[in-house]
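In order, the protein sequence lines correspond to chains A and B.
Positions -7 to 260 (our numbering) are the ones given, in order, by the first sequence.
Positions 127 to 498 (our numbering) are the ones given, in order, by the second sequence.
To be clear, the hints were calculated from the coordinates, so they are not data collected in a lab.
No experiment lies behind these values; they were computed from the predicted model shown.
Please note that the accuracy of each hint is not assured.
[As the list claims (entries may be wrong)] From the derived model, a few chain B residues whose C-beta atoms are all more than 10 Å from chain A:
| no. | residue |
| --- | --- |
| 1 | 164 |
| 2 | 191 |
| 3 | 220 |
| 4 | 242 |
| 5 | 484 |
[As the list claims (entries may be wrong)] Here are the computed lysine to aspartate or glutamate pairs in the DMTMM-like style, where the Cα-Cα straight-line distance is at most 20 Å:
| no. | chain 1 | residue 1 | chain 2 | residue 2 |
| --- | --- | --- | --- | --- |
| 6 | B | 461 | A | 133 |
| 7 | A | 129 | B | 466 |
| 8 | A | 222 | A | 202 |
| 9 | A | 210 | A | 92 |
| 10 | A | 129 | B | 465 |
| 11 | B | 461 | B | 364 |
| 12 | B | 461 | B | 254 |
| 13 | B | 461 | B | 367 |
| 14 | A | 210 | A | 27 |
Here a beta-carbon is modelled for each residue, glycine too, at the ideal position from N, C-alpha and C.
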Amino acid sequence: MAGTHEHVISIRGLVNRFGSQVVHDQLELDVRRDEILGIVGGSGTGKSVLLRSILGLHGPNEGDIEVLGRKIRHLEPGPHRQWGVLFQGGALLSGLTVQENVELPIALHSNLPVETRRELAVLKIFMVGLDLTAAAKYPNELSGGMRKRASLARALALEPKILFLDEPTAGLDPISATEFDQLVGFLHANLDLTIVMITHDVDTLFSVCDRVAVLVNKGIIVDTLDELVKHPDPWIQQYFGDPRAVRARQAARHARPDGGMQPIVTGD
Amino acid sequence: MSAYLTVNQQDGLTQISLHNDWVFANLAGLQQTLDAVLPASEGRVTFRCSGLRELDLAGAWVLYEKSMDFEELGVKTEFEGFQSSHLKFLQHIIDLAARKEYVPGFFDPKPSHFVRDGIQRIGANTIEAVDSVGFIARAVLDGIKRPSRLVIGETIRQVHSCGVAAIPIVAVVCFLMGVVLAYQSARQLEQFGANIFMVDLVAMAILRELGVLLAAIMVAGRSGSAFAAALGTMKLTEEIDALRVMGLNPNQVLIIPRILGLVIALPLLTVFANAAGLLGGAFIGATVLDISGFAFSERLAVAIGLDDALVGLTKAPAFAFLIAVTGTLRGMQVKGSAEELGRLTTVAVVQSIFLIIVADAVFTVVYSRIGF
């Protein structure tokens, strides 16, 4: 069954309530294989709750979530080896070096010899554009951008099928953010990855996302960006009518990265 | 030959056909199978990949490693029929890696320099100790020089959380200590028919030493650790920096109230501790040793004076100062990681209990010299 389904994530009838406040009401979402899906929405529309529900970190009030054909249950083991998550702050374990952080999931989910484990981790560290000097450091010795890259290396350690990114470019300077976008595009082009990302960065949306899911009115509207900008919903109109979004759209039209073999630049 | 590959050797030409899933999950098996493959001493090796069902980066990596091994033996390798771009990607990453600087000794165990490390540690600890003394002096000075209006409220809060809230546990512990002392001394005194002197022993021990000591140790465990953990967390979440930026001196709003609060709370707590200890002694006297409550209190009035009580109570502010200073100092030293926070919290508790006992010894010697 694995590898046959078109949708890697499907959400049916998701309801999330906090007290009397309804965040999601009968939300439906399908994520296609190999796409990059951006999730946007105003604050309080439940972007993080949606992500946490998919990851099994939050128990929804109602609804079914399936990831890679597997039902997600609250706080129960999910498809751990097939997904990787980049948390907003990186969430690297502060007591371990970057190298050890990346080795950790490999050590947890395999019984490979130490040498292999190390080399695999180094491979992942190189892949995200870090070097051995950074690998030997502790997370608190790294800059924000490097911490995100290190966390991405950990998320990719087990060759996941799905990569979740929670505000990957938040808190990065524009140059680091652009580099991170390029890195995401680069990885997507070269690995068989489905990427789901929460982002507020319109540049990220326009430069790397194939489709965008907008959380409005307790539901979700999913479409390509070209269609979404024409959507009549007032919030969407405001969001994409914003000068920053307009600029990002124009910029993206001129130079959409091809995701090919562009050099990775280490930003810090 | 195996589930993952078949080898075909013909006059110097080795063909390795790959099957099944070359993915991370099978990596251990893949490596074993590959290790078993030996090429003809010279010639060419061809990896035929058209039979591959799935390949991920880890699988591509072991293949690449194997091909590099072959190349080192002087055997030419080539890949046939790759559908995905994995190998190209891998090559790209490895090229990138080759361009990056090599960090010597990254994986090698570090040579041990026992003596050098030891001396370095002594030096570091000395500097740290000097730094700590300066830090405490600075905090106290700040508190005296520019008392902040926030100090009073915060101090009262600390008195409540370190003192009032600790009354039940301290009282129970001291009551039990009174019970233990009464039992132990009665067993000795019974031999001389001098049961009543149990009162002297219990009262002396509790009032002069154990009441304040137990109260201080309980407070070190409760509040010393709380101080270190609270300030350490604030340090990690940059709350301390935020205070500074807002023009609040953390010495004033965080450290001084904690020191003051504890210096006020511990002597008061000691009163409760002493009372509970005596009560424990009286309880055992009345129930087990045939010394009525009335006889106990009568004997108490004769046996001890105000100075005995003062000996205990005068130690309390000093102990409180030590606990508060150690806790806050260790908390402020936290930086970087959650692990550091845990370590320094432990250090705070262990060190403050150690300092309390050292200080108690000093007090006892000094007091007995001056006949107090």
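Now for the hints, and whether the structure bears them out:
no.	hint	in the structure
1	164	holds (20 Å)
2	191	violated (8 Å)
3	220	violated (8 Å)
4	242	holds (21 Å)
5	484	holds (32 Å)
6	B:461 - A:133	holds (11 Å)
7	A:129 - B:466	holds (16 Å)
8	A:222 - A:202	holds (16 Å)
9	A:210 - A:92	violated (41 Å)
10	A:129 - B:465	holds (15 Å)
11	B:461 - B:364	holds (10 Å)
12	B:461 - B:254	holds (14 Å)
13	B:461 - B:367	holds (12 Å)
14	A:210 - A:27	violated (24 Å)
The structure shown violates the earlier hints numbered 2, 3, 9, 14.
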